[in-house]
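Chains as they are written, first to last, in the working numbering: chain A, 1 to 834; chain B, 1001 to 1100.
Since the hints were derived computationally from the structure, they do not count as laboratory data. This one's a predicted model, so the numbers in the text were calculated from it and none came from an experiment. Among the hints, a few may not be true.
A few chain B residues that face chain A, going by a derived Cβ cut-off under 7 Å, partial list only [stated by the list, open to error]:
no., residue
1, G1009
2, T1016
3, W1033
4, E1035
5, W1038
6, P1041
7, I1056
8, M1059
9, L1070
10, Q1072
11, V1074
12, T1089
13, T1096
14, C1099
Computed spacing ranges between beta-carbons, pair by pair [said to hold, decoys possible]:
no., chain 1, residue 1, chain 2, residue 2, range
15, B, A1060, A, P320, 31 to 37 Å
16, A, L494, B, V1084, 32 to 38 Å
17, A, L11, B, M1059, 32 to 38 Å
Some chain A residues judged to face chain B by a derived CB distance under 10 Å, without partners named [as the list claims (entries may be wrong)]:
no., residue
18, R203
19, M322
20, A330
21, S479
Ideal Cβ positions, reconstructed from N, Cα and C, are used throughout, including at glycine.
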Amino acid sequence: MTGATQRGTALRLHRGLSRIWASDPRLRGWLTTSNNNDVGILFLIVATTFFVIGGILAMLIRAQLATPQSAFMEPQVYNQIFTMHGTVMMFLFAIPFFEAMSMLMLPGMLGTRDLAFPRLGAYGLWVYIFGGSAVIIAMLMGLAPDGGWFMYPPLSSAAFSPGIGADVWLLGITSIEVSAIATAIEVIVTVLRYRAAGMSLSRMPIFAWYILIVSVMILTAFPPMILGSLMLEVERAFDWPFFQVENGGDPLLWQHLFWLFGHPEVYIIFLPAAGMIATILPVMARTTLLGYGWVVAAAVSLAVLSFGLWVHHMFTTGIPHMGLAFFSAASTLVAVPTAVMIFSWIGTLWKGRPRMDLPMLWIMGFFATFVIGGLTGVMLAVVPFNWQVHDTHFVVAHLHYVLIGGYVFPMVAAIYYFMPLLTGRTRFFKLGEVAFWLVVPAFHVTFLAVHVAGLLGQRRRTSTYDPGQGWEVLNLVASVASFVMAIGFALIILDVAVNAFVAVRGRRNPWGAATLEWAAANPSPAYGFASIPIVSGRYPLHDDPDLAVRIARGEGYLGDASRNRRETLIVTTAQGEPSLVVVLPGNSVVPFLLAVVTSTSFLAPLFGAYLLSGLALIGVVILALIWAWGLGSRTDEGLVDAGHGAMLPLASETPDPPGWWGSLFLLLADSVHFGSLLFGYAFLWTVAPNWPPQSYLQPDFWGVSLAVGGAAALVAGPRLAVGAIRRGRAAWPGIPLGLVGACAIAAAAATIPLARAEPAGHAYDATLWLLAGHVGLHAGLTAIMLIYFAARVARGYASPARIGEARIAGLWADFTAATGLVALGAAWLPGAFA
Amino acid sequence: MIEILRLSGPMTIWVTVFSAVYALQGFTCSRHWPEDLWARPVLLAAWGVGLALQVIALMAVRRAPSRSALVQKVAMGIAVVALVAGIWTLMPVATTSVCL
């Protein structure tokens, strides 16, 4: 082929794919798009907006603390401001910002055209926007929470925090956690299955490892927090006394549930930033990452170790020495895998030829800051020292060194590094360098002063202080420097915005990077890659400098737009061999509408509108069914040509389609939620004062029979249906059996509230109601799925090949049966032995 | 999926054992546990069982190697880390007071 012919081929392919993958025009396009580029950019803009809001709140805090006995803010206002600063930065900025970067970058890095569940990503975005906006609007109306970002009861209980401030936090933040879980599932399935041909696990870009680990952490860390929020909200609304000592509750349970989430949360925030460093630093050093395997091992180790640290936030609560020692030891141990990463990056610099471009400057800022934050973390892991500085500004300074040094600086580096890819432009205005030299030194001046003030005894969360304690100069210096830092951050935003819109067009891959995202056009078109790349190493653009051109010509897999639908490749998890062709859904307003009703169901209780909340929940179910109904096919297509002689089945014609994988990981989160509920129950039973209750629930014959029989039918029914469909027979005997099972186990659960009618009487009764609620909710979900599946079978959506939906329903039925038996067993066990 | 389990299994065992021993320690200090009844020996036994599980996980990773050299190396590294973490973080069952 001549060059002109090749260019013509690439252009035709580009036009065909652009038409297929295009978003809807105008405003409707923003509401219906599910493309990772659009959703990611929206996520990024909204997260940055929340960062600005959080930054303004920080400035208000520093203005208040600049002088002793300041009258700038009333204590009540100050309490709202510092609570909202922490809440906004942790929940509305940090997590969504790295999710945005993942959405934008991950498909390109992996060599796929979009994320696994594009509509789920769009849904997560809108839930986040609605939930976050509600929290901010509440603050502007003076209704913000004021109990600190960790909302400890009894301070956050209805007695000591009347009004809706705490409810805004509990409901708004929980809805945002739903968004994070949605994105995590999407990312996990994408990393495991949606990759370039030949991209085995060992050839994955290092960021993909990090974000995979972080996403699993989100699924396992957020559920305890969601449970805690549910319990506290129910306590506030209906007086179920989970945290009220006088009625068998214990406020320490909240601290356990919160920090089971809260400590891994720090690593959930740090690890994506570490992934960005491990991606950017070797490129800036013009070499490859030293110790790739060790870095992966360190990241996995760090992630899991972070789940064994939560009690180090509770060292002053009177826990026995042995418990303190467990968590002190674990807290010191995390320094080891962190150090492995740090030394890997230093070694990478050592073996390369570093250039000090702007992204690299920010990474240097990271090194200078995060290592200090890590070392003060080790100091805080030592119990006697922790006791001395607990709740002082030393802790404030430590966490800012970790979070700003370990997260914000690397993310600024990432923004500048990926700007050519996102905008297609070369940075022209050099405000970024000025901003760097304002932010990093000012940060150190601010928080070194705050460290010292903490060591001198200044308490955190107090709106003012008296003169004469040696804190005046330190606070004034910290406040002045913090304003300099704020000016620096404003310059960064200005620099990025100006360069994004008016800088000159740049060339592809200006940094000379070796990963696949730089093989796409800059900025990336909606379809990402014209054909799915074929890779043979970890650094594909170095292995094959012409790869970008060959991808554009359609010489990879699926380099053909003739089927007129959004196709991409699914590979085997370990080896990255082409396995399936998946057809991604098109534009739809359903994710937006579903987010509207989901957010309504969460936020309506703020105003006591429980009926509206219930109606919205029904809307959630209806829209979810409409969403699912639009997927799938009524005919078997058989093998399709994926290019390179590969005839592959469609993902919808396999037993484990992407939806099955998504359900599997959602059930992982659900399992942790359920496990947290059992933990809470066991905790109260073991250590809460005012136990035992006056009587325990006694198991009865009918309840136990319904539970066991129902679980058996739930397990057997969907299996019978799947087996029948596989053999080309009618699925009917299995589906009603499963439905009977769901009804039976729900009826068994219903015996609990019938026997214990007063959940507000004692924490034991309240917990029993939660256990019964878990069973009832899951039985209901399973029943809905089975009815939906029956309708799908009736309309021809199932066949021996298209068995995936039946297996998804089976997965949920199995989970309901297993957790139902455990929940009901746990409810009846104390009574059986009493 | 086997490769993911190979990579995640050993540390998952650690966090499970760690949480279980902490829970057991809480239980031995609670009203449900008879005072002075073999609390430390029970905790030591639990620690021992936990370490044995981690050794088994390490051996399993070693004896059934992955097809990928990198995955195998990483999995072995993680299994060793899990064993060291099991020894280090639960050592207090042998060295500190149980309920004080």
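Outcome of the hint check:
| no. | hint | result |
| --- | --- | --- |
| 1 | G1009 | violated (10 Å) |
| 2 | T1016 | violated (10 Å) |
| 3 | W1033 | violated (9 Å) |
| 4 | E1035 | violated (14 Å) |
| 5 | W1038 | violated (15 Å) |
| 6 | P1041 | violated (14 Å) |
| 7 | I1056 | violated (18 Å) |
| 8 | M1059 | violated (18 Å) |
| 9 | L1070 | holds (4 Å) |
| 10 | Q1072 | violated (9 Å) |
| 11 | V1074 | holds (5 Å) |
| 12 | T1089 | holds (5 Å) |
| 13 | T1096 | holds (5 Å) |
| 14 | C1099 | holds (5 Å) |
| 15 | B:A1060 <-> A:P320: 31 to 37 Å | holds (35 Å) |
| 16 | A:L494 <-> B:V1084: 32 to 38 Å | violated (48 Å) |
| 17 | A:L11 <-> B:M1059: 32 to 38 Å | violated (58 Å) |
| 18 | R203 | holds (9 Å) |
| 19 | M322 | holds (5 Å) |
| 20 | A330 | holds (5 Å) |
| 21 | S479 | violated (40 Å) |
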